[in-house]
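Could you build all of it, start to finish, from the sequences and the hints given here?
Each step along the sequence shown adds one to the number in my numbering, with nothing skipped, and position 45 is 46.
It is worth saying that the hints were derived from the structure and are not from the lab.
Each hint should be verified, as a subset may be incorrect.
Said to hold, decoys possible - In silico lysine to aspartate or glutamate, DMTMM-like type, Cα no more than 25 Å apart, as pairs:
#	residue 1	residue 2
1	Lys24	Glu34
2	Lys71	Glu48
3	Lys71	Asp47
Said to hold, decoys possible - Label-pair distances were calculated between CB atoms; the ranges are:
#	residue 1	residue 2	range
4	Glu36	Arg99	17 to 25 Å
5	Gln69	Pro38	38 to 46 Å
6	Ala87	Ala145	28 to 36 Å
7	Asn88	Arg11	13 to 21 Å
8	Arg70	Thr35	17 to 25 Å
9	Gly49	Glu104	33 to 41 Å
Even glycine gets a Cβ: it sits at the ideal position worked out from N, Cα and C.
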Amino acid sequence: ELKMQPLDIRMPLKRGLELARSKFQVNGGVAVETELPANLPKIFGDEGALAEAVAHLVANAAEAVTEQRKPKITLSAKPIGQAGRANAVLVTVQDNGRGIAPEMREKVFSPFCTTKARGMGLGLPIVKRTVFDHNGRVDIDTSASGTAVSIALPATVNAD
2 ELKMQPLDIR MPLKRGLELA RSKFQVNGGV AVETELPANL PKIFGDEGAL
52 AEAVAHLVAN AAEAVTEQRK PKITLSAKPI GQAGRANAVL VTVQDNGRGI
102 APEMREKVFS PFCTTKARGM GLGLPIVKRT VFDHNGRVDI DTSASGTAVS
152 IALPATVNAD
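Given below as structure tokens:
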């Protein structure tokens with residue numbers, strides 16, 4: 002049961018990062034940069050569920066960069082909208098891994114799809130479910146130079 006309330010998106014993002022470090026052992030060997038400006042509109046969401054989703058994305062990204070010489074992950078958030086009014090927040094987890102193989106791209110959101118020797122492959126379906134519950138959407142942009150998973154979450158109506 003989700004506890005939806007107006008949130009500063011930076012809270013679940015920071016919690017998600019901590020979760021990724023503790024739960025998924027994303028360690029100091031991977032540089033994680035954050036770009037979280039203070040002027041983001043509030044979103045309506047469940048902090049725990051969003052933190053969990055972010056943790057999965059960061060863990061996936063960390064997994065993807067294990068063979069890179071300088072592994073790097075960027076967690077960023079920015080306001081998006083029309084006519085100067087932010088009506089959503091775009092959260093992106095970008096890695097500099099090798100990207101998702103073309104034959105895997107269609108399947109990444111289905112449960113039990115995994116490219117890892119260990120791991121259940123449930124991360125992205127959990128992310129998708131959480132984002133869906135928040136009336137948001139998930140996009141994946143992948144190439145040989147890395148993968149970016151973006152989540153767009155609607156801003157609260159009274160975004161002041």
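Mind checking the hinted window 33 to 41 Å against the Cβ distance between Gly49 and Glu104?
Given range 33 to 41 Å: holds, Cβ gap about 34 Å.
Given the hint that Lys24 pairs with Glu34, test it: the Cα-Cα distance must not exceed 25 Å.
holds, 19 Å
Looking only at beta-carbon atoms, does the pair Ala87, Ala145 fall within the given range of 28 to 36 Å?
Distance hint for Ala87, Ala145 holds at roughly 33 Å.
Measure nothing beyond the straight line between the CA atoms of Lys71 and Glu48; if it is 25 Å or shorter, mark the hint as holding.
violated, 31 Å
Compare the distance between the alpha carbons of Lys71 and Asp47 with 25 Å, and conclude whether the hinted pair is satisfied.
The hint is violated at about 34 Å.
Could one say that the CB atoms of Gln69 and Pro38 fall in the range 38 to 46 Å?
violated, 27 Å
Can you tell me whether the CB distance of Glu36 to Arg99 sits inside 17 to 25 Å?
holds, 23 Å
Regarding Asn88 and Arg11, is the given constraint of 13 to 21 Å on their beta-carbon distance met?
Because 18 Å falls inside the window, the suggested range holds.
Kindly confirm whether 17 to 25 Å is satisfied by the beta carbon distance between Arg70 and Thr35.
The hint (17 to 25 Å, Cβ to Cβ) holds, given that Arg70 and Thr35 are roughly 22 Å apart.
The structure fails to meet hints 2, 3, 5 from the earlier list, while all remaining hints are met.
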